[in-house]
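Chain order of the listed sequences is A and B. Residue numbers for the first sequence follow my numbering, so the first one is 1 and each next one is one higher. Residue numbers for the second sequence follow my numbering, so the first one is 108 and each next one is one higher.
Be careful, since some hints might not be right.
Using C-beta positions, here's what the derived DEER-type ranges look like [as the list claims (entries may be wrong)]:
| id | chain 1 | residue 1 | chain 2 | residue 2 | range |
| --- | --- | --- | --- | --- | --- |
| 1 | B | Phe558 | A | Gly37 | 42 to 52 Å |
| 2 | B | Asn118 | A | Gly37 | 33 to 43 Å |
| 3 | A | Gly37 | B | Phe193 | 56 to 66 Å |
| 4 | B | Phe168 | A | Gly37 | 21 to 31 Å |
| 5 | A | Asp96 | B | Asn187 | 49 to 59 Å |
| 6 | A | Arg91 | B | Val573 | 55 to 65 Å |
| 7 | A | Arg91 | B | Glu125 | 39 to 49 Å |
| 8 | B | Glu130 | A | Asp96 | 44 to 54 Å |
| 9 | B | Glu130 | A | Gln33 | 23 to 33 Å |
| 10 | A | Gln33 | B | Phe168 | 19 to 29 Å |
| 11 | B | Phe168 | A | Asn95 | 34 to 44 Å |
| 12 | B | Asn118 | A | Asp96 | 51 to 61 Å |
| 13 | B | Thr415 | A | Thr36 | 53 to 63 Å |
Pairs of lysine-lysine residues, derived as DSSO-like cross-links and limited to a Cα-Cα distance of at most 30 Å, are as follows [unchecked claim]:
| id | chain 1 | residue 1 | chain 2 | residue 2 |
| --- | --- | --- | --- | --- |
| 14 | B | Lys607 | B | Lys878 |
| 15 | A | Lys73 | B | Lys153 |
| 16 | A | Lys73 | A | Lys50 |
| 17 | B | Lys146 | A | Lys50 |
| 18 | B | Lys392 | B | Lys361 |
| 19 | A | Lys50 | B | Lys151 |
The hints are simulated quantities; they were obtained by calculation from the structure and are not laboratory data. All C-beta atoms, glycine included, are put in the ideal place defined by N, C-alpha and C.
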Amino acid sequence: MNESIGSLEETILLIVLVMQEEAYGVSVGEEYQKRTGKSISIPAIHTVLKRLEKKGFLTSFMGGATAERGGRKKRLFEITRSGYKIIAELRDTRNDLWKLAPQFNMA
Amino acid sequence: MKPSDHISPPNWANRFLEWYCHEDLLDEIQGDLFEQFHKNQLTKGKHVARRRFILDVFRFFRPSSLKKTQIHMNTQIISNYLKVAFRVFKKEKGYTFTNILGLALGITCSLFIYLWIQDELSYNQWPDDKDKIHNVLVNMEESSGIIHTWSTTPQPLHPILQEKYPAIEKATMMNWGTNFILKKGEEFLTINGRYATPEVFDVFSIPFMQGGHQMMFENPESIAISASSAEKYYGPEWQSENLTGKHITDKDGKSFIIAGVFKDIPKHSTVRFEFIIPFDYMLSKQPWNKHWGNFNHSMYVKIADGYTTLTAQENIQNAISENRPDVEMTAPLVLQPFSDLYLFTKYENGQQSGGRIDYVKILGISAILILVLASVNFINLTTARSSKRSKETGIRKVLGAQRQSLRSQYLIEAMLITLAAFIVSGIAVALLLPTFNQLANKSIGIEFFDFQFILTCLIFIFVLGVISGLYPAFYMAALNPIISMKGIIKSDHSNRLFRKGLVIFQFVITITMIIGSVTIYEQIDYVLYKNLGLDRDNVLKSSIWHLSDTQRKTYVSRLSNMPGIASYSVVNQDPTDIANSTSDPSWPDKDPMMDVYFHILGVDPHFNEMMNIEIVAGRDFDMNLSTDSTGYIINEVTASLMGGDEALGKELTFWDNPGKVIGIAKNFHIASLHTPIEPMIMRIDPGPGLLLVKTKPGEAQAAIKSLEQLHNEYSPERVFGYSFMDDDYQDRYQSEMLVSELMLYFTVVAIIISCLGLLSLISFSTQLKTKEIGIRKVLGASITSILSLVGKEYLVLIILSFIIASPIAIYIMNDWLSQYAYSIDLNIWLFVIAAGAALSITLLTIANHAIRSATQNPVDSLRTE
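Assemble the whole structure, with the sequences as input and the hints as a guide.
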């Protein structure tokens with residue numbers, strides 16, 4: 001699989017991976033805002049999740065409904081093996097690169 | 108949570124979401140949006156939550172979340188539709204041709220009218236603050252209760268309006284026009300302009316290219332000229348030097364200092380001038396204009412910020428009655444927006460009552476009607492053809508095509524035909540535009556590749572395509588496949604009824620248009636050739652106001668010996684178009700409450716004889732009686748006000764000139780036929796003068812030559828100008844003549860379109876009846892009986908539409924004729940002609956087709972079985 005992945009996609013994929021509770025549109029959006037401080041709209045999250053699922057990095061199934069959702073079911077997402085693999089690869093590549101980076105005095 | 112706390116997201120947005128969203132995705136999308144809404148509402152308030160919700164609903168409105176049925180048209184299917192459509196067009200050439208031709212005719216007509224209306228609407232739209240500029244009108248009430256609306260105001264009103272009334276930011280007063288003759292080398296150059304107060308440049312926001320109008324306030328002998336007249340006089344390089352401060356001299360040696368050069372006024376304007384000389388200059392020459400009683404000049408104002416037309420009008424309404432010191436008078440002022448001046452010219456009893464806008468409306472409605480006719484044609488043809496394609500439709504259905512896709516197939520075909528028709532009419536418009544411009548006396552150009560034009564056309568094609576294609580599409584898609592594959596549609600009663608209804612509808616419009624255009628044509632004909640009470644044939648007009656008194660005397664006296672001239676007379680204005688009026692005339696037993704306006708015509712003693720005006724009582728002016736300078740000849744309307752025949756010999760005084768009525772002239776028309784003949788008084792006062800020359804029959808050219816020769820002798824610096832009284836008279840009805848002519852063309856187009864529709868319907872129904880006709884012939888039916896078999900049905904329709912159309916036409920045309928004080932009557936012959944025309948056209952259409960099938964050898968039609 002040589003699907004490429006964008007940085008927003010990568011972040012969302014990581015969030016889905018680390019999330020303790022159910023990962024679906026609203027909860028992923030909240031988590032994203034909590035972690036990055038940036039807000040994101042529901043339609044945007046849906047687009048990213050869909051794309052990730054289409055690329056095979058996520059898989060989904062329909063979950064339970066709550067009253068505040070007007071009785072509508074959730075689509076719950078889980079990371080797949082290839083999804084895990086690609087972010088791990090990305091992390092390794094970065095780490096390798098970082099090792100080569102010269103020391104940079106931030107102060 | 109209490110139910111009352113529960114605030115739900117906007118219902119319409121939610122419904123929209125449910126409408127477009129794919130069922131499989133609705134749960135997650137709607138659920139997430141609800142949940143988010145709920146959370147937003149707690150943290151950010153309900154307004155933010157609602158706004159976010161609506162925004163998100165629209166963000167989700169994208170192909171991936173749409174219902175499958177809404178994107179059923181993928182490219183493959185569309186290309187298949189196109190392929191089938193072109194095959195059908197190819198196979199049914201006649202049908203396609205009729206369809207495109209009908210639509211193209213309709214579209215061409217409406218495109219022309221669209222261009223014409225656009226051009227009409229673009230008048231007076233040029234000033235920056237066009238909504239603030241107004242023309243000041245005065246409502247003068249007669250004792251009889253009739254209100255005359257004048258567009259002239261007295262001079263003293265100008266400073267008062269500007270200074271005393273907060274609603275007026277700036278006001279300018281101008282005369283009706285004057286010219287300025289420059290001498291450039293040996294040639295004379297005439298430019299047309301006005302005397303106006305310098306505020307004219309503020310009111311109309313006319314920019315200066317050089318200098319400004321400041322100097323004009325201080326120096327009455329200054330002048331501002333337009334860029335094009337600067338170019339005319341100083342050559343194309345005029346901008347290279349500063350013209351401000353230069354002197355410009357007219358042919359009499361009068362010199363003016365140039366205050367500035369202003370940008371040319373656009374062509375589409377009711378107020379145009381090539382130069383402005385301060386109004387004060389004219390006042391110094393004609394001081395009598397500085398009088399409250401002289402309503403001579405037009406006034407334009409710019410209203411101040413914060414005022415609307417209405418509030419400003421309220422503010423200045425009584426400006427005359429509040430400020431006129433000498434006489435008490437109520438003459439309320441009315442403000443008319445500058446942008447309305449071109450189209451809304453008529454005032455009746457102080458109220459706006461149309462004008463050119465009436466013609467814009469008439470033509471606009473006709474354009475729409477013709478488009479409707481064309482699309483009705485389309486609907487009719489397509490539904491009639493449905494049997495031909497019922498097998499195709501049936502098979503498509505059997506193979507699983509849904510109604511939706513069938514509908515879009517037929518809609519696409521309709522769009523294609525509309526598009527083709529549009530292209531055809533685009534070419535036609537481009538080719539015919541010069542002819543149209545000539546006809547309408549305009550210079551319209553089209554920018555075919557203008558974005559807005561293309562967009563308008565695309566929308567137009569789409570709308571027209573949908574209108575014409577919708578019914579056929581729904582009808583075809585709803586056919587029962589079993590029946591349609593059998594090719595039976597005869598049983599379909601409602602469809603036939605619908606088509607008959609459409610034919611009636613078409614012919615109602617067409618017959619109404621026939622009656623309408625014939626009526627308009629007859630009325631215009633009546634107006635143009637009516638006996639006005641004076642003989643206006645072979646009368647030449649030439650103005651001689653520039654001659655001095657002595658020059659005029661010798662000039663005129665030499666006329667009688669010149670070739671081509673039968674007789675002549677000097678008057679102060681065109682007797683068929685008298686403008687001025689006064690309420691001043693009085694006589695001994697005049698009712699003091701009577702307040703009527705009289706028109707005054709200044710003539711010389713030859714006038715009545717030359718114009719063949721009948722004197723019904725008393726006598727004509729006699730040039731040998733010097734006392735006749737205080738003798739008046741009145742028309743019959745004035746006479747009736749003065750006591751009928753007793754008026755003769757009565758003393759009559761106006762403008763401080765006591766005199767006597769010496770004759771009563773038969774009424775002749777002194778204004779347009781829209782208005783009744785009004786009171787008029789003739790007196791000996793040819794004034795500076797308009798020369799009327801009656802030419803000897805057939806010697807008009809010789810007479811013109813004679814006049815020109817004299818003119819060149821006396822005033823070579825002026826261009827010799829003349830016109831025929833008859834032409835001038837016709838010119839005043841130009842817009843009427845244009846509408847009459849356009850209506851005739853429209854009617855012809857309407858007839859053609861309706862006939863195209865009828866023709867193809869009949870050809871279709873005879874095709875259906877081919878076998879029936881064959882069998883009848885075998886059994887011995889005559890050609891006539893077969894003709895009546897086919898034709899009967901349609902003749903009934905035409906007669907029915909005539910019965911419906913007549914009252915409609917009578918109503919509309921009576922309304923139209925009522926704007927004329929003198930008009931024709933709608934007579935029975937008109938309707939006979941219209942009915943006859945419609946019937947004979949129908950018969951011809953029917954006969955053409957039916958005879959072919961009736962004379963066909965029955966063997967051919969029956970053999971196929």
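Within 44 to 54 Å or not, the Cβ separation of glutamate 130 (chain B) and aspartate 96 (chain A)? holds (47 Å)
49 to 59 Å as the expected CB spacing between asparagine 187 (chain B) and aspartate 96 (chain A), which holds or is violated: holds (55 Å)
Whether the CB-CB distance between glutamate 130 (chain B) and glutamine 33 (chain A) falls inside 23 to 33 Å: holds (30 Å)
Is 19 to 29 Å a correct range for the gap between the Cβ atoms of glutamine 33 (chain A) and phenylalanine 168 (chain B)? Roughly 24 Å apart at Cβ, these two residues keep to the hinted range, so it holds.
Please test the hint of 55 to 65 Å on the beta carbon pair from arginine 91 (chain A) and valine 573 (chain B). holds (57 Å)
Lysine 392 (chain B) paired with lysine 361 (chain B) [C-alpha distance capped at 30 Å]: holds (13 Å)
Given the range 51 to 61 Å, decide if the beta-carbon distance of asparagine 118 (chain B) to aspartate 96 (chain A) lies inside it. holds (55 Å)
Looking only at beta-carbon atoms, does the pair glycine 37 (chain A), phenylalanine 193 (chain B) fall within the given range of 56 to 66 Å? At 59 Å between Cβs, range holds.
At the C-beta level, are arginine 91 (chain A) and glutamate 125 (chain B) separated by a distance inside 39 to 49 Å? holds (42 Å)
Beta-carbon spacing of threonine 415 (chain B) to threonine 36 (chain A) - inside the hinted bounds 53 to 63 Å or not: Given range 53 to 63 Å: holds, Cβ gap about 54 Å.
Is 21 to 31 Å a correct range for the gap between the Cβ atoms of phenylalanine 168 (chain B) and glycine 37 (chain A)? This hint holds: roughly 29 Å between Cβ atoms.
Between lysine 607 (chain B) and lysine 878 (chain B), does the CA-CA distance stay at or below 30 Å? Roughly 23 Å separates the two Cα atoms, so the pair holds.
Hint violations for this structure: none, all hints satisfied.
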